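Participant: Here are the chains, one letter per residue:
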Amino acid sequence: MKSAILAIPLLATTVGIGQFAHHVPGLNGGGCEQDDLLGQLFGSGRKALSHRFVDRADLYFHGGVHDGHQHEELFCDEEHDDDDAPLDGGAKSFWAWLNGHIHPSGNAHLKGERYEKEVIPWIWAAIAADPHNVDAYLVGSYWLTRRMHKPEEALKLLARGVENNSDVCELDMARAEVCLSLKDDGAALDSLRDAEAKWRARPDAMDDPRSREVGGRVLVYLGILAERAGDTAQAAARYREALPLIRVKERVKRRLAHTENALRTRTSDGLSEQG
Amino acid sequence: MGGNGGMNGEMRRIWAIGRVSMLELFRRKDMYVAVILGVVIVVPLASVNLFGIEGIVRYLREISLLLIWLFSIVIGISTAARQIPAELERRTIYPLLAKPVARREVVLGKFVGAFLASGTCLLFFYLLFVLLSGMKQGAWMTVCMFQAVLLHFLFLALLTAMALCGSIVLTHSANLALSSLVAVCMLLFGQRLPDLADRATLAASILLRAIHWLAPHFEFFDLRLRVIHGWDPVPAQAVAAATAYAAVYTALFLVLAFNLFRRKQL
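Order-wise, the sequence lines are chains X and Z.
Every letter in the first sequence is one number past the one before it in my numbering, and letter 64, counting from 1, is 64.
Every letter in the second sequence is one number past the one before it in my numbering, and letter 44, counting from 1, is 1044.
Here chain X stands alone, though its shape is the one from the complex:
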């Protein structure tokens, strides 16, 4: 409730000013001017507020109750056991007993599209509060594509994300993933090329573990698209470059072995034809 008390007036003001800025000539379009106006008014508090909203989305995913699990469930397909916590808590005194009954506890997940969509307003609010919160775009894109089955909305959201965070390769990679799910290889390739260029331009591309992982994934996707286009040599080169960067190597190793085999077969076929 504490966070909600703080959040409501701030959210209302943010939304109000956001709407106002949208209607002021010259600020229309949601670009830098609007961002500056909000930035001047709220400063770094916006970032904290935006992250609180993403946390709130996670809280909603758990039916409004924090169960102590700290993993990023909002952003993955795996679900943990729902029956591992008692619903009424440990009742000791009258006070604890009554609190245990009044306030829900335990571990519950939103299931089904009807309920899962309830996290969406908080992702929207997180982005409205801070358009530079990259995680909010990524969570929103995942949620809209995988859970809400609205990839077109996810693409619009990511386009806004790229517009507001032009040097962040993760957003281009997320856009490519959505395009791949729509079987739009051309658009996916364009986004992956953008992502690759931004990743290579990063000073910490090879040092930061998260950055290495992102770069590795971009290269794997580029390899897959090259393979689909019949360019086995380029695919193998991409997989080879991705292999040391990526954490879970098995699939990439298999893909690399497959493409190298295909290359060898093609080379030997070519030699035998020449012979």
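Note that these hints are calculated values from the structure, not bench results.
Keep in mind that the hints are not guaranteed to be accurate.
To be verified - No more than 20 Å apart at the CA atoms, straight line, and that leaves these computed lysine to any residue pairs for SDA-like:
id : chain 1 : residue 1 : chain 2 : residue 2
1  : X       : Lys156    : Z       : Ile1053
2  : X       : Lys150    : Z       : Asn1049
3  : X       : Lys150    : Z       : Ile1053
4  : X       : Lys150    : Z       : Ile1056
5  : X       : Lys150    : Z       : Leu1050
6  : X       : Lys150    : Z       : Gly1052
As the list claims (entries may be wrong) - Per the computed footprint, the stretches of chain X lying under chain Z, defined by three or more beta-carbons under 8 Å from a beta-carbon of chain Z, are:
id : region
7  : 58–65
8  : 141–155
Said to hold, decoys possible - Simulated restraints, written as ranges between beta carbons of each label pair:
id : chain 1 : residue 1 : chain 2 : residue 2 : range
9  : Z       : Ala1244   : X       : Pro209    : 15 to 21 Å
10 : X       : Ala159    : Z       : Leu1214   : 55 to 61 Å
11 : X       : His51     : Z       : Leu1214   : 36 to 42 Å
12 : X       : Glu152    : Z       : Arg1028   : 50 to 56 Å
13 : X       : Ala48     : Z       : Leu1131   : 33 to 39 Å
14 : X       : Ser93     : Z       : Tyr1094   : 56 to 62 Å
None of the values given here were measured: they were computed from a predicted structure.
Glycine is no exception: its CB is placed at the ideal position from the N, C-alpha and C atoms.
Dock chain Z against chain X, hints included.
Facilitator: Okay, now just chain Z, sitting in the frame of chain X:
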């Protein structure tokens, strides 16, 4: 048992005092300001386009219920806290006590007035909430919702009794600040007081435990989480226990208020 005596006469006098307090609230227009403020915040939020997804209600429920709670605390405390000080300030308490009205009846009448006035506001807020929730999702009055309204009324009775009691011993602003602080802090931290006491230093731990055992636990009446996220209703025995708890604490505050008012030099 003459015309002014007996249980009936006492009830009539308490009701007469209460009715005046109730009418005063509607004249002051506090409720209308709260409703307008609520509508100004909730309606734009309800009309936001959330990636073209329809039928999202929980965030609206959360914001609406938070506003209802905030407004009920503000209206409940401010209404109860000004009852007796306003009578003293305007010197209308003297003609009132010159009538065959006991001081106990004045305190009870003021409590009834403050509770009914803020309770009427609360009922109106919940009617709007049920209307909004029903139109947005088609879910009108559920069992959990009914329990939430009932417990909120009990909360209000306890809160007004506490603020009324405070108004007899404290200055108006001190009473407003202290009552709000107690209500909000207990709503926020009441449930976690034993945990906080376990982790505190010895002196702080004793203080926190004393607060835990003695202070009114306003959080017992807050069912917002259940309503927002559609959890199951509270078991009947827990509702009964919360009702008994509210009755005991309200009675304690009223007895204390009566004793303080009886000894007060006018």
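Participant: None of the hints should be skipped; say for each whether it holds.
Facilitator: Do the hints match the structure? See the list:
1. Lys156/X <-> Ile1053/Z: Holds. Lysine 156/X to isoleucine 1053/Z sits at ~14 Å (cutoff 20 Å).
2. Lys150/X <-> Asn1049/Z: holds (14 Å)
3. Lys150/X <-> Ile1053/Z: At roughly 9 Å apart (the allowed maximum being 20 Å), isoleucine 1053/Z and lysine 150/X satisfy the hint.
4. Lys150/X <-> Ile1056/Z: Roughly 15 Å between the alpha carbons, so the hint for lysine 150/X and isoleucine 1056/Z holds.
5. Lys150/X <-> Leu1050/Z: Cα-Cα ~12 Å, so holds.
6. Lys150/X <-> Gly1052/Z: Between lysine 150/X and glycine 1052/Z the Cα gap is close to 9 Å, so the pair holds against 20 Å.
7. 58–65: holds (count 4)
8. 141–155: Check passed, 4 qualifying residues.
9. Ala1244/Z <-> Pro209/X: 15 to 21 Å: Roughly 57 Å apart at Cβ, these two residues miss the hinted range, so it is violated.
10. Ala159/X <-> Leu1214/Z: 55 to 61 Å: holds (58 Å)
11. His51/X <-> Leu1214/Z: 36 to 42 Å: Holds - the Cβ-Cβ distance for histidine 51/X and leucine 1214/Z, about 38 Å, lies within 36 to 42 Å.
12. Glu152/X <-> Arg1028/Z: 50 to 56 Å: Given about 52 Å between the Cβ atoms, the range holds.
13. Ala48/X <-> Leu1131/Z: 33 to 39 Å: holds (35 Å)
14. Ser93/X <-> Tyr1094/Z: 56 to 62 Å: violated (47 Å)
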